[in-house]
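Enquirer: Spelled out from the first residue to the last, the chains are:
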Amino acid sequence: QKEVEQNSGPLSVPEGAIASLNCTYSDRGSQSFFWYRQYSGKSPELIMSIYSNGDKEDGRFTAQLNKASQYVSLLIRDSQPSDSATYLCAVNKNTDKLIFGTGTRLQVFP
Amino acid sequence: DAGVIQSPRHEVTEMGQEVTLRCKPISGHDYLFWYRQTMMRGLELLIYFNNNVPIDDSGMPEDRFSAKMPNASFSTLKIQPSEPRDSAVYFCASSTTSGGTTDTQYFGPGTRLTVL
Numbered sequence: 001q002k003e004v005e006q007n008s009g010p011l012s013v014p015e016g017a018i019a020s021l022n023c024t025y026s027d028r029g030s031q032s033f034f035w036y037r038q039y040s041g042k043s044p045e046l047i048m049s050i051y052s053n054g055d056k057e058d059g060r061f062t063a064q065l066n067k068a069s070q071y072v073s074l075l076i077r078d079s080q081p082s083d084s085a086t087y088l089c090a091v092n093k094n095t096d097k098l099i100f101g102t103g104t105r106l107q108v109f110p
Numbered sequence: 111d112a113g114v115i116q117s118p119r120h121e122v123t124e125m126g127q128e129v130t131l132r133c134k135p136i137s138g139h140d141y142l143f144w145y146r147q148t149m150m151r152g153l154e155l156l157i158y159f160n161n162n163v164p165i166d167d168s169g170m171p172e173d174r175f176s177a178k179m180p181n182a183s184f185s186t187l188k189i190q191p192s193e194p195r196d197s198a199v200y201f202c203a204s205s206t207t208s209g210g211t212t213d214t215q216y217f218g219p220g221t222r223l224t225v226l
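As they're listed, the protein sequences go chains G and H.
Take the first sequence: its letter number 35 is residue 35 in the working numbering, and every next letter is one higher.
Take the second sequence: its letter number 6 is residue 116 in the working numbering, and every next letter is one higher.
Since the hints were made in silico from the structure, they are not lab data.
Take the hints with a grain of salt, since some may be wrong.
Heads up, simulated DSSO-like pairs for lysine-lysine below, C-alpha to C-alpha not over 30 Å straight-line [what the hints assert, rightly or not]:
#, chain 1, residue 1, chain 2, residue 2
1, G, LYS42, H, LYS134
2, G, LYS93, H, LYS188
3, G, LYS67, G, LYS93
4, G, LYS67, G, LYS56
5, H, LYS178, G, LYS93
6, H, LYS178, H, LYS188
7, G, LYS93, H, LYS134
8, G, LYS2, H, LYS188
Please read all numbers here as calculations on a predicted model, not as lab measurements.
Only chain G is shown next, with the shape it has when bound in the complex:
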């Protein structure tokens, strides 16, 4: 079992819809959770971090964490073609390093 698992996609949604990206992790001791966005040919950039159970909203983005079920999700409201990218889930097990999933490719079509 991989430490951090994501569906590779692609996830295709129409412009204006809600995109829902999911991630599960194996280590119950994980403390911090991150979503990175990576455009094709570019480097990953952080878009959201979440540390406590529940929802965290930032603009059109909402991160959801459920430690009991060991999953973290990212919702993108009013999806735009510019949101088309690969979204990487990363988990910190209270050490200094992040464990990344392989990413979900999101395609937003006009």
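Dock chain H against chain G, hints included.
Expert: Relative to the frame of chain G, chain H by itself:
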């Protein structure tokens, strides 16, 4: 404020040659991470440093790979000898400590390595 700087951006070399990748972290950051990204394996942590000291090199694939951080503003990742399976994008990232754990990691633009 300059972000993480990596050089070269692209490197094409022949099997058996030595390859050196360079990274300059963000000023003031005390953590530096080297990652490798491939389609098959995703983003893998190779090694990371804290205050110029290597902390965890368990991700380094084999003895052909080595990394150094002689000072707070410079790190190298060396592959000797290089092999075609080393072809990947190599990212350097830096971060600073916050609340006892590392804060956001900022990635450099990456070095795309092709070994023929």
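Enquirer: Give a verdict on every hint.
Expert: Right, here's what the structure says about each hint:
1. G:LYS42 <-> H:LYS134: holds, 18 Å
2. G:LYS93 <-> H:LYS188: Judged against 30 Å, a Cα distance of about 28 Å means the pair holds.
3. G:LYS67 <-> G:LYS93: holds, 13 Å
4. G:LYS67 <-> G:LYS56: The given pair, whose Cα atoms are some 14 Å apart, holds under the 30 Å limit.
5. H:LYS178 <-> G:LYS93: holds, 25 Å
6. H:LYS178 <-> H:LYS188: holds, 9 Å
7. G:LYS93 <-> H:LYS134: holds, 26 Å
8. G:LYS2 <-> H:LYS188: holds, 28 Å
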